[in-house]
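Student: Here is how the chains run, residue by residue.
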Amino acid sequence: MSQSTDLSWHQDAEENGSRPPLSLQDVHVSYRTRKGSVQAVRGVTLDLQAGESLALIGESGSGKTTLGLGIVRLLVETAQVSPGKIIYRRDGRELDVLSLAEGPLREFRWRDCAMVFQSALNAFNPVLKVWDQVWDTAKAHRWNNREEVRERFLDLLRFVQLDPDRVIDAYAHELSGGMRQRALLAISLLLDPQILILDEPTTALDILTQRTIIDLLRRLKEDLHFTMLFISHDLAIAAELADRVATMYAGQVVELGPVEDIFYRPRHPYSLGLIRAVPTVTGGFEELSSIPGSPPDLINLPTGCKFHPRCPFASERCSREEPALEKVGDNHYAACWHTDAVQEDIERNGLRGKRRA
Amino acid sequence: MTPIIELRNVTKHFGSGRDRVTAVDSISLDIEPGEIVCLVGESGCGKSTTGRMVVGLLPPSEGQILYQGQDIASMEKADYQQYRRAVQIIHQDPYASLNPTQTVRQMIVTPLLRHQTLGASRNGGGRRGRRRNVERRAAELLEIVDLTPVSDFLDKYPHQLSGGQRQRVSVARALTVEPRFIVADEAVSMVDVSIRVSLLNMLYRLKDEFDVTFLFITHDLALAKYFAWEGRITVMYLGRIVEEGPTPRLITDSRHPYTQALLGAVPEADPELAKKKVHIELRSAEIPSLLNLPTGCTFHPRCPYFVPGECDLVVPPLDLIPDGGSVACPVRMSEPGQIV
Ligand SMILES: Nc1ncnc2c1ncn2[C@@H]1O[C@H](COP(=O)(O)OP(=O)(O)OP(=O)(O)O)[C@@H](O)[C@H]1O
Ligand SMILES: Nc1ncnc2c1ncn2[C@@H]1O[C@H](COP(=O)(O)OP(=O)(O)OP(=O)(O)O)[C@@H](O)[C@H]1O
Ligand code: SF4
Ligand code: SF4
Ligand SMILES: [Mg+2]
Ligand SMILES: [Mg+2]
Numbered sequence: 001m002s003q004s005t006d007l008s009w010h011q012d013a014e015e016n017g018s019r020p021p022l023s024l025q026d027v028h029v030s031y032r033t034r035k036g037s038v039q040a041v042r043g044v045t046l047d048l049q050a051g052e053s054l055a056l057i058g059e060s061g062s063g064k065t066t067l068g069l070g071i072v073r074l075l076v077e078t079a080q081v082s083p084g085k086i087i088y089r090r091d092g093r094e095l096d097v098l099s100l101a102e103g104p105l106r107e108f109r110w111r112d113c114a115m116v117f118q119s120a121l122n123a124f125n126p127v128l129k130v131w132d133q134v135w136d137t138a139k140a141h142r143w144n145n146r147e148e149v150r151e152r153f154l155d156l157l158r159f160v161q162l163d164p165d166r167v168i169d170a171y172a173h174e175l176s177g178g179m180r181q182r183a184l185l186a187i188s189l190l191l192d193p194q195i196l197i198l199d200e201p202t203t204a205l206d207i208l209t210q211r212t213i214i215d216l217l218r219r220l221k222e223d224l225h226f227t228m229l230f231i232s233h234d235l236a237i238a239a240e241l242a243d244r245v246a247t248m249y250a251g252q253v254v255e256l257g258p259v260e261d262i263f264y265r266p267r268h269p270y271s272l273g274l275i276r277a278v279p280t281v282t283g284g285f286e287e288l289s290s291i292p293g294s295p296p297d298l299i300n301l302p303t304g305c306k307f308h309p310r311c312p313f314a315s316e317r318c319s320r321e322e323p324a325l326e327k328v329g330d331n332h333y334a335a336c337w338h339t340d341a342v343q344e345d346i347e348r349n350g351l352r353g354k355r356r357a
Numbered sequence: 358m359t360p361i362i363e364l365r366n367v368t369k370h371f372g373s374g375r376d377r378v379t380a381v382d383s384i385s386l387d388i389e390p391g392e393i394v395c396l397v398g399e400s401g402c403g404k405s406t407t408g409r410m411v412v413g414l415l416p417p418s419e420g421q422i423l424y425q426g427q428d429i430a431s432m433e434k435a436d437y438q439q440y441r442r443a444v445q446i447i448h449q450d451p452y453a454s455l456n457p458t459q460t461v462r463q464m465i466v467t468p469l470l471r472h473q474t475l476g477a478s479r480n481g482g483g484r485r486g487r488r489r490n491v492e493r494r495a496a497e498l499l500e501i502v503d504l505t506p507v508s509d510f511l512d513k514y515p516h517q518l519s520g521g522q523r524q525r526v527s528v529a530r531a532l533t534v535e536p537r538f539i540v541a542d543e544a545v546s547m548v549d550v551s552i553r554v555s556l557l558n559m560l561y562r563l564k565d566e567f568d569v570t571f572l573f574i575t576h577d578l579a580l581a582k583y584f585a586w587e588g589r590i591t592v593m594y595l596g597r598i599v600e601e602g603p604t605p606r607l608i609t610d611s612r613h614p615y616t617q618a619l620l621g622a623v624p625e626a627d628p629e630l631a632k633k634k635v636h637i638e639l640r641s642a643e644i645p646s647l648l649n650l651p652t653g654c655t656f657h658p659r660c661p662y663f664v665p666g667e668c669d670l671v672v673p674p675l676d677l678i679p680d681g682g683s684v685a686c687p688v689r690m691s692e693p694g695q696i697v
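If you read the protein sequences in the order shown, they are chains A and B. By the count of this note's numbering, the first sequence reaches residue 357 at its end, each step adding exactly one. By the count of this note's numbering, the second sequence reaches residue 697 at its end, each step adding exactly one.
One or more hints might be untrue.
Here are the simulated lysine-lysine pairs, BS3-like style, with alpha carbons at most 25 Å apart [what the hints assert, rightly or not]: (1) A:Lys129 x A:Lys139; (2) B:Lys634 x A:Lys221; (3) A:Lys221 x B:Lys633; (4) B:Lys632 x A:Lys221; (5) A:Lys35 x B:Lys513; (6) A:Lys85 x A:Lys327.
Derived Cβ-Cβ restraints for the label pairs, each shown as a range [what the hints assert, rightly or not]: (7) B:Val635 x A:Asp345: 29 to 39 Å; (8) A:Asp345 x B:Gln695: 25 to 35 Å; (9) B:Pro457 x A:Arg166: 38 to 48 Å; (10) A:Arg146 x B:Val671: 44 to 54 Å.
For the record, the hints were derived by calculation from the structure and aren't laboratory data. We put the CB at the ideal spot given by N, CA and C, even for glycine.
In isolation and in its complexed conformation, chain A is listed as follows (with noise of 0.2 Å):
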């Protein structure tokens, strides 16, 4: 991997096309506070494949929202990204995100790795109209044929089945929650991007809302191949649209893999309470039970493993040393010194309690 400068893709001899469009190597993201440095990611390193959906899962204040804000570089100025590495692929060519200039910063944001934020009415101006907002997003790209733009829009409105007369001429508030969350899909769809990062896609909107958004997730995936990182603190976002799922506590991936082991052969005991905590619709009844204690202080973390004043399987060596990433099975990996309890408590226990009827 050598430098590529802010200003142009670098050129990947050994480009086979096989190589992920998005690397993150040991990514760290603090925030400069009055009472000291929260650390809010720690270490990740990730690939995201071409095509794949990778659902990034955790609880709140976990840093999933400050890793996908790290990626496209829209973090707060208290912020700091060091050390680590973001390389973006594209064409056999390779870009250093971290060191982009504004200018290739806002094309790789657009036409790249598009990001639809958390809160889909903040995201929007209050005093513009949709199509203004597109149409400003078009020109400072540099995409000066209003017909042209107007008519993409118009079609990708159509995809995420939004009136598109009713909606081009409205302001955001006068939009559902739901209309808002498909109108900023589509205006991130807009410049074409190979990544879409979605925070939160589905909170705060109604359940059958909620489908819709799913189900249209869901064809970007299926039928459009889009690569896509959705950050949740809600499993059942995993579950329905995800390839593959990140577990993140305190900062870290602590587990990794596909969406089945993960779901149903978890080895990290944070995962494994999460599953033990959520319970299903239709599933029949669920004994569950909850993670004790809460999530720790990111300015002071506690020694060794993060997870060790909360975790049931902990041992005294956890309170001293951190475990890594290690793999326990096919593209399957966790942080954790007793992935082999994890194992057995389930083969005991079954994954979720046992059902009452």
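Keeping the supplied structure of chain A fixed, place chain B with the ligands upon it in accordance with the hints.
Tutor: Leaving out everything else, chain B with the ligands in the frame of chain A:
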């Protein structure tokens, strides 16, 4: 048994003239002592409005609300006060409902002292003795809601607590007046999944140990299923009850097309289940405005089983079904409704 809470054709309008909306439209509901009843439905269907009427925070526009068989609108003052104490509400956002300038101790002790005064000089022992009793009771209440060791929490302010802990404080505060009935309005919706279950289990314990009856309001069907497995679920759509019944029946064999649509649509935290589920295709994704409600069955513009000339003319009555509960859809009420 006399229901502890009974709603008889309760309606609530907001606004007037052309802006008048009917947020709750002639709903009836009996809740027996010790029962758990869940109210589910999408945003704006009238769940909170119903809850607020039950606790006396909002007067119904029409219909009656009875507490232990007595219409709250015509109660004697003393009875009304007793009802207001016996029926408490826990809100979604504990941060908004807790006074930021008070410590946990103050929040619990103050209502205890007031309650004791109201409850007439129960125990003599003078001022100091009463204070001591109250302190002891406060500690007990914090233990009941699992805020232990109690001494770690007594002197904390709300901003020093996590969301889950704040919600426990609001439950402890509600318990100061020894309620018989608690309306929990999205009470665990804002806390993280990892701690939700322990909050729910704590609430459930109140039912068993203190005979508290619950009206549990949530938009989350999975939570409703878990919390009310031995109780009942009531589904609301645009201010009306469309289906109601024992939880296992409602979850595994729902009859109203709207209930089926909801159950089919909820994302499941289980990949296999997510794939297996039947999704009901609606004719329209749009939720009608309360300002301009469809005629007849208000679900008819979206319902795949819509029968023209029938569904759009008469408001379907909520009819009993033999399998338990009732359904407001004459077209589908006898059809089996499994979605997995
Ligand atoms: N601008 C900021 N300044 C200081 N700390 C911040 C800032 N933004 C986020 N944090 C902290 O960084 C940590 C990670 O936050 P982040 O928003 O990435 O979490 P998340 O996993 O997306 O959570 P949620 O599920 O609540 O969206 C949290 O402890 C948060 O308080
Ligand atoms: N004080 C009020 N004045 C006017 N309209 C109101 C008032 N309170 C509620 N409404 C309206 O009544 C309807 C029902 O509201 P309600 O809060 O009961 O819904 P809900 O089912 O609790 O929804 P959510 O899931 O979003 O909490 C909504 O359309 C709401 O806008
Ligand atoms: S390393 Fe130890 S404390 Fe950490 S998750 Fe594994 S068992 Fe628990
Ligand atoms: S009454 Fe008609 S429109 Fe209403 S739910 Fe039943 S079938 Fe559908
Ligand atoms: Mg977030
Ligand atoms: Mg409400």
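Student: All hints are to be evaluated individually against the structure, with a verdict given for each.
Tutor: To see whether the hints hold, each was checked on the structure:
1. A:Lys129 x A:Lys139: holds (15 Å)
2. B:Lys634 x A:Lys221: holds (19 Å)
3. A:Lys221 x B:Lys633: holds (19 Å)
4. B:Lys632 x A:Lys221: Judged against 25 Å, a Cα distance of about 15 Å means the pair holds.
5. A:Lys35 x B:Lys513: Holds. Lys35 of chain A to Lys513 of chain B sits at ~19 Å (cutoff 25 Å).
6. A:Lys85 x A:Lys327: The given pair, whose Cα atoms are some 22 Å apart, holds under the 25 Å limit.
7. B:Val635 x A:Asp345: 29 to 39 Å: Because 33 Å falls inside the window, the suggested range holds.
8. A:Asp345 x B:Gln695: 25 to 35 Å: About 32 Å separates the Cβ atoms of Asp345 of chain A and Gln695 of chain B, which means 25 to 35 Å holds.
9. B:Pro457 x A:Arg166: 38 to 48 Å: Holds, since Pro457 of chain B and Arg166 of chain A (Cβ atoms, about 43 Å apart) stay within the stated range.
10. A:Arg146 x B:Val671: 44 to 54 Å: holds (51 Å)
Consistency with the previously given hints is maintained throughout, with no hint failing.
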